[in-house]
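Residue numbers (our numbering): 486 to 829.
Hints should not be assumed to be uniformly reliable.
[Said to hold, decoys possible] Quick list of in silico lysine-lysine cross-link-like pairs, DSS-like style, CA-CA up to 27 Å: (1) 804 / 683; (2) 602 / 733; (3) 705 / 733; (4) 753 / 681; (5) 753 / 786; (6) 776 / 602; (7) 602 / 507; (8) 776 / 705.
[To be verified] For each label pair, taking beta carbons as the anchor points, the in silico distance ranges come out as: (9) 775 / 755: 15 to 25 Å; (10) 650 / 530: 42 to 52 Å; (11) 590 / 618: 22 to 32 Å; (12) 505 / 655: 26 to 36 Å; (13) 524 / 733: 33 to 43 Å; (14) 504 / 655: 21 to 31 Å; (15) 650 / 507: 44 to 54 Å; (16) 624 / 666: 17 to 27 Å; (17) 692 / 655: 30 to 40 Å; (18) 624 / 557: 22 to 32 Å; (19) 524 / 591: 42 to 52 Å; (20) 504 / 681: 27 to 37 Å; (21) 554 / 701: 17 to 27 Å; (22) 733 / 531: 21 to 31 Å.
Hints were generated in silico from the structure; no laboratory data involved. The structure presented is a predicted model; accordingly, all values stated were derived computationally and were not measured. Virtual Cβ for every residue (Gly too), placed ideally from N, Cα, C.
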Amino acid sequence: GVHFGLYFSQYEWFNRLYLNDKQANFSSQTYVNDVSYPQMIELVNNYQPDVLWSDGDWEAADTYWNSERFLAWLFTNSSVAKSIVVNDRWGKGVSGQHGSFYSFADHFDPGHIVPHKWENCMTLDKYNWMTSRTMTSADVHTVNELITQLARTISCNGNLLLNIGPTHDGRIIPIFEERLSEVGAWLAINGEAVYKTKPWIHQNDSNVWYTSKLRSTHNKNPYRVYNPQKEQNTIVYAFVLDWPKNGKLILPSIQVTSRTSARMLGYKGNLSVLSSQNGAIIDISQIAFTKLPSLTAWVIKLEYLATEVFDPVSDLIEKGWLTTDGSPLRYSTEREYQRLGSAN
């Protein structure tokens, strides 16, 4: 089911108490002591949230916000100590260091696995977190763009947080409703590849992204970052975001066996899968356009692939894409990724 979460902005932009603290270079904590800290305690005590999403912290250090004191109480003495999860925005410069999951910056999309659970928080409107009166249809993400972000995120051990801004009177505008319905319809067909999955040992082949499940989790660490590849036990899902040339999908990371099977979710019948020097070749040209389960983004379910031993986290540490403790090197632009050489 859906878990109950609360968003909390640490600061109120124009609160006089906060502005006075700011003017004093945060040497005083009148706003924190009188407003934000007691509000967080009240929210937790009165509503017992499953998620507390902190924001608005970036102007002042965590010591100003009393973050360490609050989190110590939250995870030891509060009524939700054993169940609540929090993000990492608890003070200037501490994102990606403390939290049940890390959100780093908005729209964070590393393009590779990150061992600590993380979140890609993005908006339906490409430019605004709230409803904008000047927004055009071109400013709204297409369903393909949304599914692309979903695939990239969950393949790399992340969670997708999709924001929609309601109107001033609480309505969801039609184009937002349409996008949510489109994503919901896609998930009704392909949810098997999304829910209760984990990253695989390989995250992607170009614009094809992977998730995985295990038939049996006996003796497996429930907190493992990714699923190992065992022929008898591992099921792999390939998110195909672009229709391949000539309908032939080439997947270098896929190693087939005599038992390997492939089928598209939402389509009855197996697909032809062959081994080649360039990897597995899956023929999806045989599927008539009118028989496609969706018009955008398709998922191929792959079973009985060859057993393979590979640790993507260690590989990224060796390449310098993760620090030795598994933290990502947060290059903020795609151009910077390209300059350094993609890990994909």
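We went through each hint and held it up to the structure:
1. 804 / 683: holds, 23 Å
2. 602 / 733: Violated: residue 602 and residue 733 sit about 34 Å apart, past 27 Å.
3. 705 / 733: violated, 35 Å
4. 753 / 681: The hint holds at about 23 Å.
5. 753 / 786: Holds. Residue 753 to residue 786 sits at ~12 Å (cutoff 27 Å).
6. 776 / 602: violated, 37 Å
7. 602 / 507: Violated, at roughly 33 Å.
8. 776 / 705: Violated: residue 776 and residue 705 sit about 38 Å apart, past 27 Å.
9. 775 / 755: 15 to 25 Å: holds, 19 Å
10. 650 / 530: 42 to 52 Å: This hint is violated: roughly 29 Å between Cβ atoms.
11. 590 / 618: 22 to 32 Å: holds, 26 Å
12. 505 / 655: 26 to 36 Å: holds, 33 Å
13. 524 / 733: 33 to 43 Å: violated, 58 Å
14. 504 / 655: 21 to 31 Å: Holds, since residue 504 and residue 655 (Cβ atoms, about 29 Å apart) stay within the stated range.
15. 650 / 507: 44 to 54 Å: With Cβ atoms ~27 Å apart, the hint is violated.
16. 624 / 666: 17 to 27 Å: Given range 17 to 27 Å: holds, Cβ gap about 19 Å.
17. 692 / 655: 30 to 40 Å: holds, 38 Å
18. 624 / 557: 22 to 32 Å: violated, 42 Å
19. 524 / 591: 42 to 52 Å: violated, 23 Å
20. 504 / 681: 27 to 37 Å: Violated, at about 47 Å.
21. 554 / 701: 17 to 27 Å: The hinted range 17 to 27 Å is violated for residue 554 and residue 701, with Cβ atoms some 44 Å apart.
22. 733 / 531: 21 to 31 Å: violated, 58 Å
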